[in-house]
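Peer 1: Keeping their order, the protein sequence lines are chains A, B and C. All residue numbers for the first sequence refer to this note's numbering, where the first residue is 1 and numbers rise by one. All residue numbers for the second sequence refer to this note's numbering, where the first residue is 1 and numbers rise by one. All residue numbers for the third sequence refer to this note's numbering, where the first residue is 1 and numbers rise by one.
If you are wondering where the hints come from, they were derived from the structure by calculation, not from laboratory data. Among the clues, some could well be false.
Calculated pairs, SDA-like style, for lysine to any residue (alpha carbon to alpha carbon, straight line, at most 20 Å) [to be verified]:
| # | chain 1 | residue 1 | chain 2 | residue 2 |
| --- | --- | --- | --- | --- |
| 1 | A | Lys739 | A | Thr607 |
| 2 | A | Lys660 | C | Ser258 |
| 3 | A | Lys439 | C | Ser269 |
| 4 | A | Lys660 | C | Arg40 |
| 5 | C | Lys268 | A | Lys660 |
| 6 | A | Lys114 | A | Thr3 |
| 7 | B | Lys124 | A | Glu613 |
| 8 | B | Lys124 | A | Phe679 |
| 9 | C | Lys188 | C | Val273 |
| 10 | A | Lys24 | B | Leu31 |
| 11 | A | Lys65 | A | Asp53 |
| 12 | C | Lys268 | A | His438 |
| 13 | B | Lys11 | B | Asp25 |
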Amino acid sequence: MSTRVVGQSVPKKDAASKVRGSRKFPQDFNMEDQLHAKVVWSEYPHARVVKIDISEAEALPGVVKVITAEDVPVNEYGIIIPDQPVLVGEGDKVRWLGDRIAIVVAESEDTARKAGRLVQVEYEPLPVVSDPREAMKPGAPLVHDERGDTNVFRHIKIRKGDWAKGLAEADVVVESYYVTPYVEHVYMQPDAGIGYIDDHGRVTVISAAQWAGHDIPQIAQMLDLPQDQVRIIVPAVGGAFGGREDMHVQHLLALCAYLLRRPVKMVFDGSEVMTRTGKRHPYYVKYRTGATSDGKLTGVEVEIIAESGAHASTSVPVLEAGTSFAAGPYVVPNAKVDAYAVYTNNAVTMAMRGFGTTQSAFIYEMQMSKLADALDMDPVELRMKNLFQDGSIGLTGHEMPEGVGIKEALRQAALAGGWKEEDGRWIRPDLGPPSVAHKRRGLAVACGLKNVGYSFGSDDKATVGVQLALDHSGDIERVTVLTAACDVGMGAQTALAQMAAEALGVGYNQVRVSLVDTAKAPDSGSCSASRLVWIAGNALVRACQEALQKRDQILMAETGETFVAAEHEFRGLSVRETTPYDAETGMCVPHFSYGYTSQIALVEVDTETGETEVLKFWAVQDVGKAVNPEMVRGQAAGGVHMGVGYALTEEYIQQEGVAKTRHLSDYYIPTVMDMPQEFTSVTVEVPDPTGPFGAKGVGEMTTLPTAPAIISAIHDAVGVWIDEFPATAERVWRAMQDK
Amino acid sequence: MPTLSMIVNGKEVSVEAGAGDLLADVLRDELGLIGTKVSCGEGECGACTVLVDGLSVTSCIYPALKAQGREVTTIEGLPQDGQLHPIQQAFVDVTAPQCGYCIPGMIMSAKALLDENPRPTREKIKEGISGNLCRCTGYYQIVEAIELAAERMAEKGGAR
Amino acid sequence: MWDEYLFPQSVDEALEMLKAHVGNARIMAGGTDLTLQSQRRQVPAKVVVDIARISGLDHVEERDGLIYIGAHVTHAQVAASPLIRSRAGVLAEACGSVGGPQIRNVGTLVGNVVNALPAADGAMALFAMDAEAEVAEGTGRRWTPIASLYAGVGRCTVDSCEAMITQLRVPALRDGEAGAFERLAKRKALILPILNTAVVVGGDGSKIERARIAIGPVATTPFVATEAAAALVGRAPDGAAVAEAAKLASEAAEPRYSLLRGSAEYRKSMVEVLVRRALTRAVARASGEEDENANS
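Excised from the complex, chain A in its bound form:
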């Protein structure tokens, strides 16, 4: 499909204000008469709160109020199940260090902080459970004893075909035990915002968010208010990566405004973001893969224990998503999968780029790399033999919908990375000599796929509105796209503006996108699941079509109206029905739509120190249709950045529920010097017939193959498998010593 605006790397709508520094992030707002709030956090990972004494804190000059559990109308919330206290009161438990005891509101941030230190809390420490495998055992300390007598709160089973036979009859079986690490999102903008009562008496919050429309009911419930009395404005979001799906400040600010009837500002400092906000789930995985001697997969047996930390958050959908991809983009006729979501007293785990599928990509791709090695088969060739095509049957027994671009993505990645294809055989390139004698080079490939949109029967939908300002001859002068979709940096607002321009036949510069204000713009659902371009785009295109029809009617009727508005709610289920897991077999139609990716890493390992450097990296992503090619390249590079960190340098360390990684200076995301020296992004377009202009989604999948590509390349270089990562220098060194 040839397009005029879609497909162009137009300047982003927010770029100019961001390079000027004039675009206001939540902490950049100040209101007259504002107060400042700081949280008093739990001091124990697991304890009963015996007594809270706020008298000294309240007495400090400048303190206006110290809010405790008693002040909260309904003291529970949660993104899916309300298993989290807003504030923990006397007699209740703190379950991790991110639980809150009180909020101090004062005339200055300094005073609020000082007063926070004067809040006296008496705790009765309880036994800490800090390993989900221990937490599953009978007799383990219970994190949520009010929810039952086990720390396991979800068990997913997949039983497909005859898994025992599939493995027994395999010519080769690869068996591994993997541990994926706790990692932190590290969005650069600290959680912050202002709560106040607006001119209509609504409890209003200015903050970052990923789904303002979903924060509203949680806040309304907490304050026992009707939802239309709560309002959220999202002026700009300084990165999210899943880390803002759960509320970190919105409810606290709403509570402060509700109680104080004055603007209250709160800004997290760096250590609060690092130690008191959610992280990515570690997976503890047993994985057996069986294949024939000519490389056809015969079966998998997988056990995944996903650590959920102290509260459920989105652990259930995360694990459901991750489990649905436990065998990756490969045809696996027989499978046994058991996946468990388990509470511990460690940091709450939540959505993080990939939503459970990033960890899955690591395990299924490392298995494939090991299988290729065991069969002495080229890793591209092995994958090609097993990859999905249109109509392939997936792990949960469903047909993969049209537009499966994974083979094309792998083909292009391999060719870019130097492989040659000859009569179906794939031949890897010669790597040349290392840069110095004590280094070794390695090359590896990995694939991944990610669902676009929500899953398992969830009624994923987006409402988008469009307004046209017409001139007197009925031509469109200006367009406003109305959406409360949060643009967390990837460019969703720009992509929507481009799609509107395309659908309406106007110039990109004639289109603006509304501010994210739940009082003024429709709920387009979350910024997550790589869904906005696909689902909000679909809604937008239809709204545009309706607007054009209305415009035409105006012209025909010659009413002289110069304003047209239309709104459309698009439901993912209208495109494809998805169904939940069968409780016994796990069979289901999990997702509407998919994006596909393949990546290649060329690394050099220092055999004396174990250090790994990524020399070259290729990222290929099938996005159906690149609405803005440079934005897609930015998503590829950003996803790879997170994958490089995941593979080599990032670990959030806790001991018995206590964070040892306390500041950003303790947590090592790649600097510019740590990124692959040469990076090539290739965008493939195998259209999704159900996507707007054929577009799929891209935001998450670019981070899926990165870690397994790098860690497989380390094996290619020095012959060691790193099953528990990050593959720090010491881990690689140790593996080489043990060989």
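Since the structure of chain A is already known, use the hints to place chains B and C on it.
Peer 2: Same frame as chain A, now just chains B and C:
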């Protein structure tokens, strides 16, 4: 409270600053220059980078009173007559900003670099922003933006 | 955080201010460490004595074969100084690896010494070059060897509430003498090292006459591997001598387990690797083979 007098973006300013105030907070809260962003709060990410007498510093750990009598340049000081500075324009043209939070700091580091070295190699550009973290972009488009800015500024006859 | 922020105009005035506040005032140079420590309430002083306006502390100059570096001189200035690059290259190399550009623009070498961490990069080179510091206190000024300043992790024998260091001096490298700096860290910038080492070797070309090896963090203060260095003296500057010295350095170093830095075993093994690499480069430079500031 002591008076802090500085030349900020070419203008003389005088504000009250406490002994323990940090330059980032004075710029943002007293002078309303919110373009300078605070992220890690420990001088480890570069988001708060401003220039003091032309040198890049992390303003979140730079005591405000240390800037007494000095020239301070923030992101707001870059445009001229409302027009984006070539570095800013290059960032826009190359689709470098994603969430944008690291961007003012990146641009200020780029300015410090190009002021000292108008024709930097790619390696020198990377060194120049090695004290600036970004989580969104993977840095490639940022490096390309700085290369483009250097090229354009050289064509126009030197840095501003 | 602080109650007063003072700008003395002279060293004497600074010392008077310290005395007047009786332990509640503290010298600040760049402040990159002190600001954070004050925020985290790790340092109790409430009065800052900022030495930035004292004249005569920003010199980098050579006199009688010694290079003098004033208290204001930043890591960036050390790394860029043509004098230091040509006559004390290992110091430039070390200072250039600290933090990122912004930290190097503000943090001073003297401040780094006073902060007294056992892994401080600049200090490692100062140890390898047998530096001295000039201490200014109530009774006057005195020169003292760098090692005497280190009492333990984060503890300098010069109490910044009572005295200050006004300058450092190192013997400029002579002909046939060269140094090298190596660093192992979890990423390439903005990070403290797992291990670092600075070495200086010198001789007449056919045999090594002088050697110093400084390593950190393998003890509570920068560690000088005297036995390993002594093993080089009198030897031909070849791979075998280097290997032996590196091995001895590794045997002598006793790093402890660190949650963030790594196990004792790994770090002990890496001492051998880093010292060997540093000595190899230093030997090559001393014989004129390698460009002074090339990286390994």
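Peer 1: Each of the hints needs a verdict: does it hold here or not?
Peer 2: Evaluation of the provided hints:
Taking the CA atoms of lysine 739 of chain A and threonine 607 of chain A, the gap is about 13 Å. The hint holds against a cut of 20 Å. Between lysine 660 of chain A and serine 258 of chain C, the direct Cα distance comes to roughly 11 Å. Compliance with the 20 Å bound is thereby established for this hinted pair. At roughly 17 Å between alpha-carbon atoms, lysine 439 of chain A and serine 269 of chain C fall within 20 Å of each other, so this suggested pair holds. Using a Cα cut-off of 20 Å, the hinted pair lysine 660 of chain A and arginine 40 of chain C holds, with the two alpha carbons roughly 16 Å apart.
Distance check on the hinted pair: lysine 268 of chain C and lysine 660 of chain A sit about 23 Å apart at the alpha-carbon level, beyond 20 Å; violated. Using a Cα cut-off of 20 Å, the hinted pair lysine 114 of chain A and threonine 3 of chain A is violated, with the two alpha carbons roughly 59 Å apart. Distance restraint check for lysine 124 of chain B and glutamate 613 of chain A: the Cα-Cα separation of roughly 19 Å lies within the 20 Å cut-off, and the hinted pair is therefore satisfied. At most 20 Å may separate the alpha-carbon atoms for a hinted pair to count; lysine 124 of chain B and phenylalanine 679 of chain A meet this at roughly 18 Å.
Between lysine 188 of chain C and valine 273 of chain C the alpha-carbon distance is near 18 Å, which keeps this suggested pair within the 20 Å criterion. In summary, the hint linking lysine 24 of chain A to leucine 31 of chain B is supported, as the alpha carbons are separated by about 15 Å, within the 20 Å threshold. Restraint check: the Cα-Cα separation between lysine 65 of chain A and aspartate 53 of chain A comes to about 13 Å, which is no more than 20 Å; the hinted pair holds. For the given pair, lysine 268 of chain C sits about 19 Å from histidine 438 of chain A by alpha-carbon distance, which is consistent with the 20 Å threshold.
For the hint pairing lysine 11 of chain B with aspartate 25 of chain B, the CA-to-CA distance comes to about 18 Å; that is within 20 Å, so the pair holds.
Violated hints, listed in ascending order, are 5 and 6; each of the other numbered hints is respected by the structure.
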